Amino acid sequence: TLLDTDDNGENVNGDHTTNLPIYCTCRKTVDGSLMVQCARCSEWFHLHCLTISEELPDGDWICNSCM
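Residue numbers (my numbering): 1137 to 1203.
Just so you know, the hints here were simulated from the structure itself, not pulled from any lab data. Just so you know, these numbers come straight off a predicted model, no measurement behind them. Using N, Cα and C, we set each Cβ at its ideal position, and we do this for glycine too. Be a bit skeptical, because a hint or two may be false.
[Stated by the list, open to error] Restraint ranges, calculated between C-beta atoms of paired labels, are given here:
1. D1196 x T1161: 17 to 23 Å
2. C1162 x M1203: 17 to 23 Å
3. M1203 x G1168: 14 to 20 Å
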């Protein structure tokens, strides 16, 4: 699952805006970049903090901690 947020951490993917508590391995605030959610632990990660491209393979993404 990919999440696109604005600079305030608000979800801009859907028809409505929802504040979400978003965390990453960097433990920094949301910076407006794309994020991906692990299918197992449901933790969110900034794509730029990971060693993956912005074009994820089809299907669920699993973080290194859950592999």
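Which hint numbers does the structure go against, in order from smallest to largest?
-> 3
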